[in-house]
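Q: For the sequence shown, the numbering used here gives the first residue as 11, with consecutive numbering after it.
In case anyone wonders, no lab produced these hints; they're calculated from the structure. All values reported here derive from a predicted model rather than from experimental measurement. Heads up, the beta-carbon is just placed ideally off N, CA and C, and yes, glycines get one too. Please note: incorrect hints may appear among the correct ones.
[To be verified] Quick list of the computed label-pair ranges, beta carbon to beta carbon: (1) Tyr140 with Val113: 12 to 22 Å; (2) Gln102 with Gly131: 32 to 42 Å; (3) Glu142 with Asp89: 17 to 27 Å; (4) Glu13 with Val113: 32 to 42 Å; (5) Val113 with Asp88: 31 to 41 Å; (6) Ser130 with Glu77: 13 to 23 Å; (7) Gly111 with Val38: 18 to 28 Å; (8) Arg118 with Asp89: 14 to 24 Å; (9) Gln87 with Gly119: 12 to 22 Å.
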Amino acid sequence: MLELTMATVGGEDAGATAGMVMAEADSVPGAVLRVGRDAAQCRLVTPDDWLFVSRVHLEFRCGPGGEWSMGWLRGSQDDPASEVRVRFGSPQGPGQPVPYGGVVELPRGASGEIVVLDRSGPRSVNVGFYQEN
């Protein structure tokens, strides 16, 4: 099972965890959880006016062996308005950058955080994850 917790943080809310939402999915091949502005396609939905987040920005997908990966989906722009970073374990430091259109494997039993940073201001979408063994 993959468990996700999302918080949207604006400049005035730095350090706060208000507005947290959760989603989970069993580790069944083909299972998908998405993060973005489009409520019709995403289980975790960001504010509609946060245009640095694509309609479907992140996709967590379960592979054939029950393993999970996270992909930063390419949007309609060649140059994204955000950057995405991943931190494994205790979320400290800036994390590792995820390439635009890239995929990161989430090790079994792993926990951590995916951070979507607005390049134009102090806003972020923080998605904590925990994958059971």
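Q: Run every hint past the structure and note whether it holds.
A: Hints, verified against the model:
Taken as a hint, the range 12 to 22 Å holds for the pair Tyr140 and Val113, whose Cβ atoms sit roughly 19 Å apart. Distance hint check: the CB atoms of Gln102 and Gly131 are about 23 Å apart, inconsistent with the given range 32 to 42 Å. At roughly 37 Å, the beta carbons of Glu142 and Asp89 sit outside the given window of 17 to 27 Å. A hinted range of 32 to 42 Å for the beta carbons of Glu13 and Val113 is inconsistent with their spacing of about 20 Å.
Distance hint for Val113 and Asp88: a CB-CB separation of about 19 Å, inconsistent with the stated range 31 to 41 Å. Ser130 and Glu77 have their C-beta atoms about 35 Å apart, which leaves the hinted 13 to 23 Å range violated. In this structure the supplied range 18 to 28 Å holds for Gly111 paired with Val38, their Cβ-Cβ distance being about 25 Å. Remark: the range hint 14 to 24 Å for Arg118 to Asp89 is contradicted by a beta-carbon distance near 35 Å.
Separation of Gln87 from Gly119 is about 35 Å and departs from the stated range, judged on CB atoms against 12 to 22 Å.
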